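**Student:** So the sequence lines, in the order shown, correspond to chains A and B. Sequential numbering from 0 applies to the first sequence in numbering that gives the first Met the number 0. Sequential numbering from 0 applies to the second sequence in numbering that gives the first Met the number 0.
These aren't lab readings, by the way, just hints derived from the structure by calculation. For clarity, every value in this text was computed on a predicted model and none was experimentally measured. We treat Cβ as the ideally placed atom computed from N, Cα and C, and that holds for glycine. Fair warning: there could be bad hints in the mix.
Stated by the list, open to error - Computed, partial: chain A to chain B, Cβ under 10 Å:
#	residue
1	35
2	38
3	40
4	46
5	79
6	82
7	83
8	91
9	140
10	251
11	262
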Amino acid sequence: MLRHLGSRLAQAAIASFGVLTIVFFVMRLSGDPTLLLVPEGASREQIAELRHELGFDRPLIVQYGAYLGDLLRLDLGESLVQRAPVATIVGHRIPYTLELAGGALIAALGIGLPAGVAMAVWRGGLIERGLAAIVLAGQSLPTFWSGILLILLFGVLLGWLPTSGADSLASLVMPSVALGALTMSTFARMTRIAVLDELQRDYVTAARARGLSLAATIARHVARNAAIPVVTVAALEIGNLLAGAVIVETVFAWPGIGQLAIQSIQARDFLVVQAIVLFVSLTYIGMNLLADLAYVAIDPRIRLAA
Amino acid sequence: MRLTCSIAVALVLLSGAARAEKDTLTIDLVADAATLDPQIQWDSESASVYRNIFDNLVTRDQSGKIVPQVATAWHYANDTTVVFDIRSDIKFQDGTKLTPDDVVFSVKRVTDPAFKSPQLSQFDQIVGAEVSGPSQVTLHTKTPYPVLLAQLTKLSVIPQATVQKLGDTAFNQHPLGSGPYKLRDWSRGVQITLDAQDGYWRGKPPFKTVIFRPVTDVSTRVADLRAGRADIVRGLGPDQAASLKTEKGLQLLGVPTERVAYIFINPQSGPTKDVRVRRAIAMAIDRDTIISALQQGYGKPVNEVLSPADFGYDPTIEPYPFDPDAARKLVKEAGAEGAELTFLTAPAYDRRLNEAVQQMLGDVGLKVSITMLDLPTYLKRRQGTPEEAGSISQGRWSCSCQDADGVIWPLFHTGSIWSKYSNPKFDAAVDSARATLDEKQRLADYHTAFEILREDVPAIGLFQDFAIYGARPQLKWTPTADEAFFVMDMHWQE
Chain A
0 MLRHLGSRLA QAAIASFGVL TIVFFVMRLS GDPTLLLVPE GASREQIAEL RHELGFDRPL
60 IVQYGAYLGD LLRLDLGESL VQRAPVATIV GHRIPYTLEL AGGALIAALG IGLPAGVAMA
120 VWRGGLIERG LAAIVLAGQS LPTFWSGILL ILLFGVLLGW LPTSGADSLA SLVMPSVALG
180 ALTMSTFARM TRIAVLDELQ RDYVTAARAR GLSLAATIAR HVARNAAIPV VTVAALEIGN
240 LLAGAVIVET VFAWPGIGQL AIQSIQARDF LVVQAIVLFV SLTYIGMNLL ADLAYVAIDP
300 RIRLAA
Chain B
0 MRLTCSIAVA LVLLSGAARA EKDTLTIDLV ADAATLDPQI QWDSESASVY RNIFDNLVTR
60 DQSGKIVPQV ATAWHYANDT TVVFDIRSDI KFQDGTKLTP DDVVFSVKRV TDPAFKSPQL
120 SQFDQIVGAE VSGPSQVTLH TKTPYPVLLA QLTKLSVIPQ ATVQKLGDTA FNQHPLGSGP
180 YKLRDWSRGV QITLDAQDGY WRGKPPFKTV IFRPVTDVST RVADLRAGRA DIVRGLGPDQ
240 AASLKTEKGL QLLGVPTERV AYIFINPQSG PTKDVRVRRA IAMAIDRDTI ISALQQGYGK
300 PVNEVLSPAD FGYDPTIEPY PFDPDAARKL VKEAGAEGAE LTFLTAPAYD RRLNEAVQQM
360 LGDVGLKVSI TMLDLPTYLK RRQGTPEEAG SISQGRWSCS CQDADGVIWP LFHTGSIWSK
420 YSNPKFDAAV DSARATLDEK QRLADYHTAF EILREDVPAI GLFQDFAIYG ARPQLKWTPT
480 ADEAFFVMDM HWQE
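The following block holds chain A by itself, in its conformation from the complex:
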């Protein structure tokens, strides 16, 4: 087990390093931020002077070496646009991203699991069709559109929820639902298939024959067995939720790292982009690792096989 963990961690380190290197060079291929920073009328000499002061006239490989050196000392550097430590800038946004991912996960589980069970139990009926429509909508509506609709309905027309920002628990509701919609659909479909599969098994027939109600059968027996694939998917989905909030954060003015990433890419704020990529890739890798471990923990057969 420890050896397994160790090799996975080594893989993770290599993957992160690869991602960082690619991002470092790709970002710099299409030009440095100097042109975006200077006023429109700046002359060639003035631009060259600022470029020199910022260090972008050095060969790429020298810049790369300097960057790796700083990274080894755990120094993420200073943002050249915001003139503040990158660690502070990114660190300030991470709690908001975690909060939003948590909210989205709760929304996805809270709606997706019961919907999946209901769709399995009342298969072929009106309820399944109705729920299937919602699941399909959650899966196919683009968030830049559904987000605005949510804001117009619950923020402007009804006035129940704040239209933007991150200053209260209420302001978490809409972005969570918007971000969680796709994950919710995934959970609902996964749960439906898993529950349907279990419902056909002999132990369900036996339990029902003993006079156990359908609800009790599902709660006591089916849910547990159906959980295995769902939990595995959940761990992977958390990675998606942490990384995939760019549009939701922009629409709802949620100050997470997705929004910061977009702004920093547009401003060519290299060090901030690199720090975000590092964070996201580490998160993904960490979540994959957790999924592996969760799978082992839930299913004793896998542990035995290992």
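Once you've looked at the hints, dock chain B against the given chain A.
**Tutor:** Just chain B now, kept in the frame of chain A:
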């Protein structure tokens, strides 16, 4: 009875809440301030926050005239030396006095290349600054520099002692100035909260608290305004403005700015090398339709590549008329029928305007292919060699100095990175206007320069761009052409 009482109490509480609300002004920004140190970033979102924390050496009044602020008066000792009298009754927000040393420090810091200020090019004509009396500062310029005062409207005075004590990074996070508002808290990406400064020397600030919130998506800013979450939102486009026009319970504040929209036409490469093709383009573009259909009326036609809000604008220059028949003839004459023009552009520029121009030029026999690039790549090519720069592109230019020198010199002077044009007569005219303080002479020079540009058509002016804000109707404010955002100029009226 008890019910009536509680309703009455509730009403009193509610009205109290409504009155208390007026103490706080909430502003939706397009993006978070990049820096609050006024000497680093100069983008309009950052400036709209920090200009309220600091005072400037000089400023502009509603009409655009340069008027005193930290400096009470100034005079030219000679063509390259300006002497400023500094107010002696201004205090920074920590209670220390603003002195001429602070003014000199502010100039020297922003002009020090090692400080790496992106604003350096706006101030680098200043070669010396010194305290020349108990309340006097003298600035020296490389050459006679007529745009100096216009540039100094952007020079915020910072406290030397505080900056040196905190260091640059900490000062950017905790800026302290002598302006009407002081920073209470800056939660990056979330909001910036400012408190009114007691005893501010220009009078009591209109709101106790001002909150700036970055809301990137324009539809969300509009929703904030409709829901009452924001009192004023920045950065509305003509389309949002048109959809809000008839809506009760909010107002639109639109103002023609110093920004000019134009079409660059490359005279040094491709089919547009032929001046007849360039003139044909000028006559093929229907500016009135662009203004009414795309800009929803938020644009004023211009006669040249300059906003009427800028010094040097010449209303006597005759713009090319919209005449597709004449344009078609010219294209034929030049043998350019079906010639392919590359239209370089980036996502920052209005896509519909690109397509409208493409269509209009198509109508007179020119084939336009639009090349979409990311902004840094676009800038690199547009500022590169004539061959890289494409045949045409659109631009919106503001020098933040309201002077022709900051517009047509960088756009068309030989050797400037933007210029793909070279005409010694034009160069002589704009060089002459740059080197004299005599306004009459400068206007005459610019007249000559614009006459030459009209002949050669290295670009055509489309319209004077507008800044559009949405606000609650109680907010009283007259926005200005320089897009300044001074809360001190606003007030609330029920």
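**Student:** Which earlier hints turn out false for this structure, listed by number in ascending order?
**Tutor:** 9
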